[in-house]
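Order-wise, the sequence lines are chains A and B. For the first sequence, position 100 (counting from the first letter as 1) is numbered 100 according to our numbering, and the numbering increases by one without interruption. For the second sequence, position 351 (counting from the first letter as 1) is numbered 351 according to our numbering, and the numbering increases by one without interruption.
Derived from the structure by calculation, the hints contain no laboratory data. Quick caveat: nothing in here was measured; it's all calculated off a predicted structure. Built from N, CA and C at the ideal position, the CB exists for glycine as well. Keep in mind that a hint or two might mislead.
Said to hold, decoys possible - Distance condition first, Cα-Cα at most 27 Å in a straight line; then the derived DSSO-like pairs of lysine-lysine:
#1 453/B - 113/A
#2 361/B - 22/B
#3 35/A - 343/B
#4 15/A - 577/B
What the hints assert, rightly or not - Just the calculated beta-carbon pair ranges, DEER-fashion:
#5 211/A - 741/B: 26 to 36 Å
#6 144/B - 172/A: 18 to 28 Å
#7 178/A - 249/B: 35 to 45 Å
#8 26/A - 624/B: 45 to 55 Å
#9 624/B - 107/A: 42 to 52 Å
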Amino acid sequence: MKSAIIVFPGTNREKDMQMAIEHVSGRAPTLVWHKETTLPECDLMVLPGGFSYGDYLRCGAMAAHSPIMKEVIARAQKGTRLLAVCNGFQMLVETGLVPGALLHNRSLKFICKQVHLRAENTSTEFTRSFSPSQVFQVPIAHGEGNYFVDADGLKAMKDNDQIAFRYCTSDGRITEDVNPNGSLENIAGVFNKEKTILGMMPHPEDSVVPHANGHEGTPLFKSIVEALV
Amino acid sequence: MTALAKQKPAIQEPAITLELAKSFGLSESEFNLVNDILGRTPTYTELGIFSVMWSEHCSYKSSRLHLKKLPTEGKCVIQGPGENAGVIDIGDGQAAVFKMESHNHPSYIEPYQGAATGVGGIMRDVFTMGARPIANLNALRFGEPSHPKTRTLVKGVVAGISGYGNCVGVPTVGGETNFHKSYNGNNLVNAMTVGIADQDKIYYARGAGVGQPIVYVGSKTGRDGIHGATMASAEFGDGNEENRPTVQVGDPFTEKLLIEACLELMQSDAIISIQDMGAAGLTSSAVEIASKGEIGVVLDLDHVPQRELNMVPYEIMLSESQERMLMILKPGSESQARAIIEKWDLDFAVIGHTTDDQRLKLNMYGECWCDIPVPPLVDQSPLYDRPSVAPKKPAALDDASYPATSSGLLGDLKTLMGCPDIASKRWIWEQYDSLVMGETIFSPGIANTQALKSGDAALVKIPNKDKALAMSSDVTPRYVEADPYEGGKQAVAESYRNITATGATPLAVTNNLNFGNPEKPEIMGQIVAALDGMGEACRALDYPIVSGNVSLYNETSGRAIQPTPAIGGVGLIADYKKSAPIAFAAEGFSVLVIGDTRGHLGQSLFLREVHGQEKGGAPAVDLAAEKKNGDFVRDLILSGLVSSCHDVSDGGLLVAVAEMAIASGIGCTLTDHSAASSFWFGEDQARYVIATDKADDILAKAHSAGISATVIGKTTGADITLLGQSVAVSDLLSINETWLPAYMSQS
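Taking the hints into account, I'd like the entire structure generated from these sequences.
Here you go:
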């Protein structure tokens, strides 16, 4: 699998993502600087975490209009797989490729901690290595990950099985107590209609490599690699 | 980016008088010395430059004599104090570069920006040397929880550290937070950064030659932070909030760009010498480069990128605007350097050149505003041997007269687990990204919810290697106040233990010396004795000091803080997989204490939190025992005999065991070794608690090494049981976790 990670000024989790993808796929992703206007041939594009442009306007808003993003959007619309994590997810909602918005955490504080996620749709290329409703643990690290979408949008997403992950208890229950940021219906990650794009706030890439103390993010990368060999 | 058009504004500078000099923080004798050095009255700009360079913050005039006594050399030391940060050898041609620095006064006046720029400043000290920052730590001291300002300060300081460190993308992996009434009007914010570099790519302030271009890189200069170094060198009165405009404003996004731009430029050979613009801004960076290179500097201030109109030389030279660097480039490499810096959307300007006359000359608007000989500005800076009185040792306590209360030992344990100093700081560290960069092995807290494992020190792996750096920040201010000499030793010894308890070998330290007003003999007495103790411990433990920072005048309305000489330790473990966490591994393991337990209750947390008394002497530190026990425990960990390890510190043995239990959820049945509170809560030094399934091996080894090792319990169930009484580990965890969030949620 060939992959490309887009690096914006202020991106800071590109290395975590690089290590995870290389560990699972055996092939190092290419880093692409945001001022580039062309992307290398690749099977997977990644928008990684960080604080692109300092998050000074609105998280992800500036990056969504970077030169390279035209090409990313065009490729994604043609079906090249796109994984967008944390700040990348914030950019993704700004582009409109997936529905919704990411608001300030309910606590108004940045939160870094391990959370449990439940895989809500395991028939996609991003999630097929998870068993149905599998619970897995990965960290979050964000200040603005409170997912919101209007009622019609939510209904459409449910009708299309677009909800990828929900925050849950260690035994898979969806409760308000374990909702770390106030996200609507504990939504932690969403697909586009075609399931070729995944956006999520948590960091599966930080739970993959051998020296990480948890490895439960691995099935996500395994799914992608097996689908895109 | 184009600089603002410069037309000479109408400049009305005040007349140069002794009163003006005093308002700049210079004494009468210092002002007279300035006149003598110049052979004339200084200009307004020159007076400003002398005053910041001779401030306590920049000149170390009260502490320099005593700092010289600290050991700064050792086999791992590549660069000791005197550069932007210390540098040590960590093998494979790599170096660790680190330093700790205070931002106390700014953080009290404007908590968010004060703390944020503290983090930014210390990171710049590290990447200025060519190192990529890989970890941040912080040591925070706040006033008593009931003080009306404490909550707001905690909230602002933590948000500032979080806002800056998270954005820059360097993990915040450790630290400490204490509360005490002596910090009511003067909190402490000490930030530490550790970076790594290739030994052949380390950059220094020294080395500049004659006829080389001087380049300004980073953010534009504004009017923020003017005279910040002077403010940081003065006592507070009540109502110092009016100093807010002297607090700088941080921009972590620009810092991130600056890191990437500098590290990219450093891959070429364009940079000869580099200095960040920290305290005293352009003044200290220019003087530093001139002084270290024994050269002169001419700056054309018109070319300094400015973000405000009509700035005058005085303002440009004294501004502490953040995220700026000064570089001396190899002549001819300017365009190559400009291309890299501008790729990162940062300002790049050639603002002057070096000369052979050892003078600092500043031109602007076609006039010369400053012409100072550099050597006397630096070498003749005041040096004070301030009078000191040796601190009196408090009377020793009768340890037996402070028994457990009617709640029993386990009831008192609950009190301790929920007291502000021991209570979980999760509310704080969950706001820090401790995982970014993907190399964190042990992250903050006891019952860890970030990296999932915690150790006595933070542990961060070196990319593409198995080796990892252990890092810790330590000092016990109440010991230092009671006995500055033993307390100074103890800060170093505890750092040594915390690094050792992970399995790492302690290599070197940075220090951050926070004290009150050195013009008071009793405060000076604390400084002298604490440094003596610190120096002795560093020598005995082969743990040299490679960098540091001094913060004096930590007083408000004449009330000094508890003396707080914080130690930031760094150690190395060859294989992170051999490290020992705090948490018990499984049931059925023996729990041992290594080291002698005598039952010292003086200045213990038990005495303070359970009996409400702050008295007695600090525990004595036997440095030979620290070394011997530390080497013994480290060998046990590296040979795989120990599954978990925790040093014994605040709260003594019972708190150490309880922390190992709450980190794992596994209980422990303790032996009926003693019913004395002094045995379970005494804070004797040089001790570790370990858990093992090979107790017999360890006891035999300890016996032949002449080291005290005692089995005190066995891991089992979900309770801690002692003398027939039990407490659920989950209750202890909940007590430990409840205090801070409950406190912070009150308004």
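Q: Would you mind confirming whether the straight-line C-alpha gap from residue 35/A to residue 343/B stays at or under 27 Å?
A: holds, 9 Å
Q: Starting from residue 453/B, check that the Cα of residue 113/A is at most 27 Å away, please.
A: Distance ~12 Å between residue 453/B and residue 113/A Cα, so the pair holds.
Q.
For residue 361/B and residue 22/B, compute the direct alpha-carbon distance and say whether it is at most 27 Å.
A. It holds: about 24 Å lies between the C-alpha atoms, which stays within 27 Å.
(Q) Can you tell me whether the CB distance of residue 624/B to residue 107/A sits inside 42 to 52 Å? (A) holds, 49 Å
Q: With respect to the beta-carbon atoms only, verify the hint that residue 178/A and residue 249/B lie 35 to 45 Å apart.
A: holds, 37 Å
Q) Does the Cβ-Cβ separation between residue 211/A and residue 741/B fall within 26 to 36 Å? A) holds, 31 Å
(Q) If I claimed the Cβ atoms of residue 144/B and residue 172/A lie 18 to 28 Å apart, would that claim hold in this structure? (A) violated, 44 Å
Q. Taking the beta carbons of residue 26/A and residue 624/B, is their distance inside 45 to 55 Å?
A. Holds, since residue 26/A and residue 624/B (Cβ atoms, about 52 Å apart) stay within the stated range.
Q) Can the restraint linking residue 15/A and residue 577/B be considered satisfied, given a maximum Cα separation of 27 Å? A) holds, 21 Å
In this structure, the one hint that does not hold is number 6.
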